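Colleague: Please arrange chain B on chain A, whose structure you already have, making use of the hints.
Chains as they are written, first to last, in this note's numbering: chain A, 161 to 833; chain B, 13 to 813.
Hint data in this document are derived by calculation from the structure and do not stem from the laboratory. No false leads were slipped in.
Quick list of simulated restraints, FRET-style, between CB atoms:
(1) B:Ser225 to A:Asp595: 51 to 57 Å
(2) A:Glu343 to B:Thr346: 26 to 32 Å
(3) A:Arg676 to B:Pro538: 23 to 29 Å
Pairs of lysine-lysine, DSS-like flavour, derived with a Cα cap of 27 Å:
(4) B:Lys512 to A:Lys532
(5) A:Lys435 to A:Lys462
(6) B:Lys525 to A:Lys669
(7) B:Lys525 to A:Lys549
(8) A:Lys549 to B:Lys560
(9) B:Lys430 to A:Lys365
(10) B:Lys525 to B:Lys512
(11) A:Lys550 to B:Lys537
(12) A:Lys509 to B:Lys542
(13) B:Lys145 to B:Lys170
(14) A:Lys664 to B:Lys525
(15) B:Lys328 to B:Lys614
(16) B:Lys563 to A:Lys509
(17) A:Lys509 to B:Lys430
(18) B:Lys512 to A:Lys509
(19) B:Lys563 to B:Lys614
(20) A:Lys669 to B:Lys512
(21) B:Lys560 to A:Lys550
(22) A:Lys550 to B:Lys525
(23) A:Lys286 to B:Lys744
(24) A:Lys550 to B:Lys512
(25) B:Lys537 to A:Lys549
(26) A:Lys578 to A:Lys549
(27) A:Lys286 to B:Lys679
(28) A:Lys286 to B:Lys750
(29) A:Lys549 to A:Lys604
(30) B:Lys624 to B:Lys614
(31) B:Lys705 to B:Lys744
(32) B:Lys560 to A:Lys509
(33) B:Lys278 to B:Lys85
(34) A:Lys317 to B:Lys430
(35) A:Lys509 to B:Lys525
(36) B:Lys166 to B:Lys145
Treat the numbers as computed from the prediction; the structure is a model and nothing was measured. C-beta: ideal position from N, C-alpha, C; glycine also.
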Amino acid sequence: MPKLYLLFCFALGLTAAVDSDLPSPAPSVRAAFPPGVQRGTSTEVELSGANLHDVRSVAFAGRGVTAEVLAAFASKIKLRITAAPDAEVGRRDYRLTTQRGVYVGVFDIGALPEIVEAENNDDWRKPQAIALPILVNGNIGSEDWDHFRIRAEAGQKMVFDVSATRHGSRLDADLAILDARGEELAWVDDTTILGDPHIEFTFEKAGDYVVRVGSLNGGGNYRLSAGVLPYVHRTLPAGAEAGKTTEITFTGTLLDTVDEAWIGDRLAKGEILSKSANKLRARFTVPRDAPVGRNLVHLSAKGREVALPTEIRISDLPEITVTKPSLDWRTAANVPSTAVLNGVIEQPKASHYFRFDAQPGDTFLFRAESMKLGYHLDPTITVFDAEGKKVAFADDPGVDDRADEYQLDPDLSLRCDKPGPYYVAIRDGMYRGGDQLLYRLTVKKQEPDFILEMRDSLKSLYAGQQDTFQVRVRRRAGWTEPVEVWMEGLPQGTVVERQTAEPKDSIVKDTCGVERVVDGTIVLLPVRVGASEPGVYDVRVKARGVRNGRTVEHDAIVRYNLAAAGHVYGPMQVERAQFTVAAPPSVLLTVPDTAKPSEPLKIGVKRYGSAKDTALLLRVKGASAAPVPVPAAAKEASVPVAGHAGTTIRFEAVSEKDGRVLAESAPVLLQGK
Amino acid sequence: MRYLAVISLLTFSASAKTVDLKIYPPEVRLHAGEGQKILVIATDEEGVSREVTAEAAYTTPAYLQVEAKRTVKAAQPGNAKLKATFDGISAEVTVEVMKPRPHELSFINDIVPIFTRADCANSNCHGSVRGQKGFKLSLFGSDPDVDYDAITKKADGKRIDTANPANSLVLRKPAFQEPHGGGQRFKAGSEDYNLILDWLKRGAPYDAPGQASLRSLTVYPPNWRMVGTGTNVQLIAVGEYNDGSVRDLTGAVAYSSNIAAIASVKPGGLVTAEQSGETAIMARTLGRAAAVPILVVKDRPMKNYPAVAENNFIDKHVFAKLRQANVIPSPLSTDEEFIRRVYLDTVGTAPTLEEARAFLESKDPQKRSKLIDQLLERPERADLWSMRLSDMYRAGYNEAGQKGGGAYGRFFRDQVRKDVPYDVMVRNMLVSQGRHDFEGISNFYFVSREITPEESGVNVTQLLLGMQIECARCHNHPFEKWKQDDFYGFAAFFARVSRKDMYLNNHNGTYLKESGEVLHPKTNKPVTPKYLDGDFEPEAPGTDVREKLAKWVTSPTNPYFARATVNRFWKYFLGRGIVEQVDDFRVTNPPSNEALLDALAKEFANGSYSIKRLERAILNSRTYQLSSVPNESNRNDQVNYSHFLVRRLMAEQLADTMTQVTGVPMKFATQPLGKRAMSIPVLNFGKPHYMMKVFGRNDLREVICERDTKPSVAQVMHLVSGDTIQQQITGKDGNLDKWLADSSLTDRQIVERIYLSALTRMPAEDEITAALAPLKAAARRQTFEDLLWAVFNSKEFLFHH
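In isolation and in its complexed conformation, chain A is listed as follows (with noise of 0.2 Å):
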């Protein structure tokens, strides 16, 4: 078996087509700040990060969120972000589109009134004061901690929720509820499964307290929901399927005063049918056309609600609500051979056995679903045959690059030999048991098939390069067969390899060095870039395959770059591929967005291909300045620059010998005196 090692696609790199040191031109987004925005709101947002000054457009994923460019230079953008009264609370995928290239990132819609901190808080005995409900948006650096003084009556309950992973920071906060001598009352690290913290607390006295949001692991943005606010921990069943009504129990805090429920995007609205302080029972009927898949659930009150860090799926397959687990074998209760099983392991060491009936020949494949939707279990399926025997078993799932979706749910096909009845069992890797343990457990008999994924979908890359793209094919319910592999939709003079997935899971090292199998075959498609047209072309990843006659084909699910999301995996909300033509530059100029005007400003240049040896004058654009000589060796120019504070100038580089213009800086804005 080839060992595909996952440098080996970095390893391949560029030819000698092009310069191999040219930079990437793809935008990228290292931060945005405010990391939300509140519906019914506009707020302007600074995206930082690189190759971000020829934007062309922004746009959100979904519904009532538009953004408008305010400004654009090379390592920042300013946007204006407005999300309607009625956007739907929670992460929403924006795509920014450049002339070089595409990048898709994560942003948080609100449904607080959103302040942000005022970084003179370090010190707990000087608070930044803030009124309830709010939520605020901060950012922790190194040694950083934000301290917030509030104001709580006696007997008071009230929720304090950061998310931070769950929109895609890389912050990893921790929390903490402090007396006002600065005595720790409550603290918390890791409460939801990406860990992001969560305290509910209730006050015993009346008087100020201070919030503390910190980090024992790096820095980012975050945003601090507080409040007495209605918040649910477990949503069961964590499923309802199209065209039906389904009645869900929500378990959490506050929950008396929620007054609406949704899910998702005003898809399906519940009709409360009881509530208590911590449980409330609603109907949901949703509509036979709704889109099997991710969608959030929304309780609020006044309209006040806290984005959830769980979700709940739209399927098409009938959902059953575990209500009463049988934790022997010999007492499992039927199931239909084809069903979604919602249930909470509340015991610890427990398994909630099921029983289903097979004929010789069926296949079956059992999908455990837990940390996918924000749960804590780490589920484990076993099946048993008639006698107890067991005779199937599934734990981890390979293991991964780490740009896989953070989750050890395991699948498991079994193709059964005999007749007669078999149970399946699933209980928590570490036999632990807890009201988080929460699991969808599919049971479903299904062909063998494969599952396709695409995981750099918004590759750019330089007419003249080569380069590859990498998917995974993931074999399910017993899928022996090679499976071919190719894109669509590339532009006339790009080609992309066809490659042949064989059914053998890859190799991949980690980042220690040690050899582990991952699930599924990772596929290299290496693309050459031939004198294509710039611009971006949606593409497509494709793959077929042929068993016993019968011919299986399916488009790739378009994933999120780790890189590009933070700690957001999975399907992107809308799976669209992208690749990027870009010209090869011969010269590249490395401007700062913002330089005083009355000093000499630094600009970097480079040169490449029939470029390298050229002498430049560099010109500015915008505020007078004579004409900089760049002898052919120069990697660097002082330029002085006269212009008015508030002016926006670009340079350009032009060829001394013939005066052809060879490249145009990204703008610097003139700040100050």
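Modeller: What follows is chain B alone, placed relative to chain A:
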């Protein structure tokens, strides 16, 4: 002889009447035709005992003799009574005479012990790791298989000559008939020489299968107080074999003294008191060992030993031992000493000004016990215990990382806050699984990157049972009864415990694999879980065998758990374990006060393993509240708790008390300003705080997880001119600024505040005068900064006393 008579008079006063007589062994068992040495011990009315075996008169049936007034012999099987009479007092023991034991010369039971007895198989000679001059024996005869190979097969079998046995190197070298680096170990023609020669003449055979092997070794008397230097006591050793037979091994075992300067021992077991103190005499053979604690006191008991009040059962046992040792405890600590000590030991800092004043001004006779009750409810107590337990269980070890270590530390804090019974906590830890950063308890097994059954076994025995069995991983334990079979049998309880990757941020979890086994390195076959000193426990399908292990570990009948635990906890308060080191319980390292250790263990078990209840008992004891100032009689005592043992404050105690005194918060990496050092579970993660490092906050990489309490030049330099002290004394907006700005405070009152908050006492007049003297020439703030510096650098501040 005259000398001995003088000694005898010294130790057994002619005026003191015998009030008790004991015979050892308490039940004599022997085989017809063989002998068993006995001891007769007389105790006088002053509690002084001496051996009177040779002086006693014996009454026995006709078929039983006491030869040379020391060895019981019988010609035929039967049961009888042996009566000894001395000074008008009689004692009686039963004598069971079993049928004659067929005597077959045994390599294991007869030949191997010779090499231990003759010091050939000790760690400095052929028993060392590499052996000596190519000849490698097992340490103290712990592995007869190895010894047999070494003697008869290794070096091409040149060590024996069965054709001409007397020419064998194995005889000629120790008899010094050939040059031998170890000199003469026994003489040609001696009993040992002849035994080996006899064995060689028989063809140097190994024992036939089924040969009896030594099951236990017992040495009498069980402990001994030697009154007067130069006095003697004869030890006797009895071996029990797995076929039920017994042997008098008094002359067969190797004896050694832990501290020969206190009591020395000769081959054959005669012990001589050399000087006052405590030691233990060890007896070893065939991988078994036994020890007799020896207390040597110079003089007979004091006639005028003062009455010492006892607060509780702890004092009873401590003071009884002190009385035995002719040591008078120090007086009760002053209120100032007590409040500082009890605060540091319960909440980790000295008392605040207000707390100190309130206590010192109180006239309530019950104020000490009331204060203890209050302190036991303070939340900071849980922080201190969390730190102790985090140290013990290595919560901050890098494998768990800051998040895992923090979760582990918070688990301990939560358990202590709720006063969860320690046995319950341990049981839960033993069966723990989970994600390390979420379920803190699951870090229990995560002390190395890959969790192995062997390492888990070592950790559990060392942390929970106070024993080190790691030697038995490679060979049978030289000082203990543990064999490789025991080691791997115990490790097999953890065969399925493993680590799983949780992906995000390198998080990990501990879980039970579906299957797993431990292979014995010798046989390469799977090993069935086996309790130490107990039975096999095969894992039933669908169960977690660790649950049974957890019950066994924490069972009140487990002879190790409660004793090992109370010993550790006792050390936190008294500064020294009753068994020292705390994780080195073994026969050859007996407790300094067995009765106290047993009583504490019993109290702990009877008190539902409540740490708080045990702590309350310790803090309320007079023993804990004794002054640290020694008197003439207890100046040299370091093991019997006759005075409070002075020790350096822990790094966190120092940091937090300094901060409390100055009101200037300290900053630790990755922690917000002002967080108490004691409340940070993983303090040294990433960028260790220098003060924490030099004052012994350990990195928890070793299972030996006690703090380094040694003084160092780095500590001195840091206190003299380091960043920490500079920031503390010059820091703005602290207490000093407040005091200086308070016009109602005189300079004298500021001095008093500094003394009371830092040292928990008011300054003496000469101290006030000295403190204020610089004011004439220096600025006011500078003067008080200098005073703070001087106080922080004083031994009185730096030490727990």
